[in-house]
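Please work from the sequences and hints to get the whole structure.
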Amino acid sequence: MEKASKMQEEKHLTGTLVLSVFTAVLGFFQYGYSLGVINAPQRVIEAHYSRVLGIAPIDRSAMNFTDTNGNMIFPDLEELDVGKSTLTLYWSLSVSIFAIGGMISSFAVGWIGDKLGRVKAMLAVNVLSIIGNLLMGLAKFGPSHILIIAGRAITGLYCGLSSGLVPMYVGEISPTALRGALGTLHQLAIVTGILISQILGLDFLLGSDDMWPLLLGLSGAAALLQFFLLLLCPESPRYLYIKLGKVEEAKKCLKRLRGDCDSTKEIAEMEKEKQEAASEKKVSIRKLFSSSSYRQPVIVALMVQISQQFSGINAIFYYSTNIFVRAGVDQPVYATIGVGVVNTVFTVIAVFLVEKTGRRSLFIAGLIGMLASAVAMTIGLVLLSTFAWMSYVSMVTVFLFVIFFEVGPGPIPWFIVAELFSQGPRPAAIAIAGFCNWTCNFIIGMCFQYIADLCGPYVFMTFAVLLFGFVLFTHFKVPETKGKSFEEISAEFRRKGRSATKGPKAATELEGLRGSQEA
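Residue numbers for the sequence shown follow our numbering, beginning at 41 and rising by one.
Be aware that one or more of the hints could be misleading.
To be verified - In silico lysine-lysine, DSBU-like type, Cα no more than 35 Å apart, as pairs:
#1 Lys180 - Lys155
#2 Lys305 - Lys180
#3 Lys314 - Lys524
#4 Lys286 - Lys180
#5 Lys314 - Lys291
#6 Lys517 - Lys396
#7 Lys327 - Lys155
#8 Lys292 - Lys305
#9 Lys327 - Lys522
#10 Lys524 - Lys305
#11 Lys524 - Lys286
#12 Lys286 - Lys305
#13 Lys396 - Lys314
#14 Lys155 - Lys291
#15 Lys524 - Lys180
#16 Lys396 - Lys524
#17 Lys180 - Lys314
#18 Lys522 - Lys295
#19 Lys286 - Lys312
#20 Lys155 - Lys283
#21 Lys295 - Lys312
#22 Lys155 - Lys292
#23 Lys312 - Lys522
#24 Lys312 - Lys291
#25 Lys517 - Lys292
#26 Lys286 - Lys314
#27 Lys312 - Lys155
Derived by calculation from the structure, the hints in this document are not laboratory data.
And the structure:
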């Protein structure tokens, strides 16, 4: 039976499906590259900003100078501080404007996805990526600080739209049996983008004073590749069938995606979903929050995004270089790249795990592993000055934390939102989930440094407490979506809502709900 199921999955995996998914997740590759690329060349870009703005490089060890007669000259410290503040402001804007762009554009995902269709929408927003990367690539030929900030903002607008359109498209074209595995490729594309940006950002490659504009603008090549490949990809059959009512065109696209497989069941499922969608008004973002039938899946959708960003993974990347230095690693930058490699390898493993173990159980396992790693990390950092060997404990927990993140909390939030909602509310749900993810990303980026300075090595206990809360929420509230149609998942939430009125015990027993549904 298992062998027959595996053969059926292999039949579903056609060349057109592989091409379409690969092309779509190039958007997430650009997202990952843009996240990681700005860190490596920070020193050389700040030096360039200083030259363009006429600010002397801030070097506290060289504050005293002598004139031609050998008399000491003391620089104006106030002027130096103003220069440093200006430089810090422009650099902070260069980094954070990316997330602000993503926050703003994420609200337009539902509108542009429904207006143009999934493929045409991805084609259209790619223009933003090309423009943004072009501005950064030409930064040396103009006011570099303005061009980089503008380029990062426009690229952020692209990534905010792409991070919603891609899961929407991939979720709708994937067979139910492969939806989780193919959905995990979003995170694989992100970590691959981060890793490549880290490698290319090395001083002897593109992280030099001469090559950094090329480094920043290089993801424009991925945008161009995606643009031309999208011309070969079929539109989402669900969008054509349910949203536009183009039945024959939807069947043709489904035929291209599934090959010779019998698609009768999928067509019947789409027909049922279409009838239900026709009986209800268009679902707006306001209705998602005001309607009791959508309240529970919306809460779950938002919480999985929050748990991904507030899990502490950004803290790990911040502390990793420092931990490797304390452990005696001669070239900590290569150890940090090693973390990126582990990131990528275990995301690949998650592709195979997610359809075998299920989303919910993998998500919980990842959160628990991260919780244990955070506690061990805290112990290692606190006792580092007392026991030298604790540096190795800290170093190991860095890798363990990353491993557990990538097998669950990393990839699953990107595609589970598309699984929780049917065709009608899906675009609006993905829009608010994307906005939540980008907002949390921005908050972490802006506030983490202050929290780290305040808490010191105990900063990971803050994340441990949050992770414990996320484990409890996932256990009691997040349903298993593995192998279920969109309608079955929606029915489970509706059944859960009815059960909630009968008693608190029924409201928390999701597994009981599944059992009663199957019965």
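query = Is the hinted pair lysine 396 and lysine 524 satisfied, with a Cα-Cα distance of at most 35 Å?
reply = Holds, at about 14 Å.
message = So if I understand the rule, the pair passes when the alpha-carbon distance is 35 Å or less; does lysine 180 with lysine 314 pass?
response = violated, 53 Å
query = Does the alpha-carbon distance linking lysine 396 and lysine 314 stay inside the 35 Å limit?
reply = Distance of about 30 Å is within 35 Å: holds.
request  = Take the C-alpha atoms of lysine 314 and lysine 291, compute the straight-line distance between them, and say whether it is at most 35 Å.
outcome  = holds, 14 Å
inquiry  = Checking one constraint from the list: CA of lysine 305 to CA of lysine 180, max 35 Å. Satisfied?
reply    = violated, 56 Å
task = Quickly compare the C-alpha distance for lysine 524 and lysine 305 to 35 Å and report which way the hint goes.
result = holds, 13 Å
message = lysine 286 and lysine 180 were given as a pair; does the straight-line alpha-carbon distance stay at or below 35 Å?
response = violated, 49 Å
Holds or violated: lysine 155 to lysine 291, with C-alpha atoms at most 35 Å apart = Holds - the C-alpha atoms of lysine 291 and lysine 155 are around 21 Å apart, at most 35 Å.
Agreement of lysine 292 and lysine 305 with the hint, judged by alpha carbon distance not exceeding 35 Å = Roughly 15 Å separates the two Cα atoms, so the pair holds.
ask   = Straight-line Cα separation of lysine 524 and lysine 286 no greater than 35 Å?
value = holds, 25 Å
query = Is the hinted pair lysine 295 and lysine 312 satisfied, with a Cα-Cα distance of at most 35 Å?
reply = Distance ~19 Å between lysine 295 and lysine 312 Cα, so the pair holds.
query = Does the alpha-carbon distance linking lysine 312 and lysine 522 stay inside the 35 Å limit?
reply = Answer holds: lysine 312 to lysine 522 is near 20 Å, not above 35 Å.
The structure does not agree with the numbered hints 1, 2, 4, 15, 17 and 25 stated previously, though it agrees with the rest.
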